[in-house]
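Taking the working numbering, I'd label the letters of the sequence shown as residues 1 to 338.
Just so you know, these hints were derived from the structure itself, not from any lab.
Treat the numbers as computed from the prediction; the structure is a model and nothing was measured.
We put the beta carbon where it would ideally sit given N, CA and C, even for glycine.
Watch out, some of these pointers could steer you wrong.
Quick list of the computed label-pair ranges, beta carbon to beta carbon [claimed, not checked]: (1) ASP189 - PRO244: 39 to 47 Å; (2) LEU229 - GLY136: 19 to 27 Å; (3) LEU235 - MET151: 31 to 39 Å; (4) LYS329 - LEU229: 27 to 35 Å.
Cross-link-like lysine to aspartate or glutamate pairs, in silico, EDC-like; alpha carbons within 16 Å at most [claimed, not checked]: (5) LYS150 - ASP266; (6) LYS194 - ASP283; (7) LYS102 - ASP283; (8) LYS194 - ASP266.
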Amino acid sequence: MASDTTARPRASRDAGGVDGSAAAGPAPKTKAAPIRPSLRRARRRNLVAALAFLSPWIVGFLVFTLWPLIYSGYLSLTDYDVINDPSFVGLDNYAQLFADPKVALALGNTLFYAVLQIPAYVIVSLVLAVLLDRAGRASGFFRTVFFLPKMTPPVAIGVLFLLLFNGQNGLVNGALGLVGIDGPAWTTDPAWVKPGLILMSLWTVGSSVIILLAALRSVPEDVLEAARLDGANGLQVTWRVTVPLISPALFFIVIINTINALQTFDEVYTAFFGGGNTTYSNDAALFYVIYLFQQAFEFLHMGYASALAWLLFVIIMAITVVQFVVSRKVVYYEGGER
Numbered sequence: 001m002a003s004d005t006t007a008r009p010r011a012s013r014d015a016g017g018v019d020g021s022a023a024a025g026p027a028p029k030t031k032a033a034p035i036r037p038s039l040r041r042a043r044r045r046n047l048v049a050a051l052a053f054l055s056p057w058i059v060g061f062l063v064f065t066l067w068p069l070i071y072s073g074y075l076s077l078t079d080y081d082v083i084n085d086p087s088f089v090g091l092d093n094y095a096q097l098f099a100d101p102k103v104a105l106a107l108g109n110t111l112f113y114a115v116l117q118i119p120a121y122v123i124v125s126l127v128l129a130v131l132l133d134r135a136g137r138a139s140g141f142f143r144t145v146f147f148l149p150k151m152t153p154p155v156a157i158g159v160l161f162l163l164l165f166n167g168q169n170g171l172v173n174g175a176l177g178l179v180g181i182d183g184p185a186w187t188t189d190p191a192w193v194k195p196g197l198i199l200m201s202l203w204t205v206g207s208s209v210i211i212l213l214a215a216l217r218s219v220p221e222d223v224l225e226a227a228r229l230d231g232a233n234g235l236q237v238t239w240r241v242t243v244p245l246i247s248p249a250l251f252f253i254v255i256i257n258t259i260n261a262l263q264t265f266d267e268v269y270t271a272f273f274g275g276g277n278t279t280y281s282n283d284a285a286l287f288y289v290i291y292l293f294q295q296a297f298e299f300l301h302m303g304y305a306s307a308l309a310w311l312l313f314v315i316i317m318a319i320t321v322v323q324f325v326v327s328r329k330v331v332y333y334e335g336g337e338r
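Using the sequences provided together with the hints, build the complete structure.
Right, here's the structure in full:
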């Protein structure tokens, strides 16, 4: 019996060391199982099917987005009038941008419009979304009412602007006159042209209202109820609880509307530049994209217009980057991260 008891520890030491554990050393490497030919063929078929479904978008992106982007970059370095072949001029078009007073005027008008229009657009959208959220069964009807103006063609909105904001017999000044206010000359007074356009842009808040309404209805009810139990009134619940929780949707609307505001064209061109409209000075309504359009298709300065387009691209990109940096501190995402 003694020999048995002494033999076992010795055997353990021989097999695994002093404490009897398994011998230390690198684990044996296992070879990865080879992919079966049938599985490889299935993956290839799935890839081909995915590319087939994506091919319309891929072709459209390459032909109508990427290639025009590359070609406009080339044209911005040339003198090109559509009729004659492009002639390379280097950075002359970009140098001309900083010497052209119309560029500064158009860019100033556009930035002024964007700085005032974006907050007004977001605030009106949020207020309407909050009202819709409390409308109960009637919210479906009002969602349709608010969204229908978004379907209006931009050209029609430009014509409607002239009818509603006419300084002499427009509907807006007529309504102001009922309460004893003498309305301004919205379409002829340079000081009131852009404020009138900002008010007109609120006609199409419907899509943003729908997005914010969906965000409001995704806010947990127990969080709102907890705020009310803590003594918060309706305004405090909205501002301190609801708005932070829907801040990702608000941020999305700000980004999209910033890009749209900096590219404003259709309504303004229809109202102030369409059909040879030269009754009064249009400098107050000369937005950046309108000036770009004039250089490209009225004066046939395609090279210069391409340089204008690239400058706008850089401006929009810079503003968007700044907005994303700021959003890290003010946008609340689920999980508590900002």
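Here is how each hint holds up against the structure:
no., hint, verdict
1, ASP189 - PRO244: 39 to 47 Å, "holds (40 Å)"
2, LEU229 - GLY136: 19 to 27 Å, "holds (23 Å)"
3, LEU235 - MET151: 31 to 39 Å, "holds (33 Å)"
4, LYS329 - LEU229: 27 to 35 Å, "holds (29 Å)"
5, LYS150 - ASP266, "holds (14 Å)"
6, LYS194 - ASP283, "holds (11 Å)"
7, LYS102 - ASP283, "holds (9 Å)"
8, LYS194 - ASP266, "holds (15 Å)"
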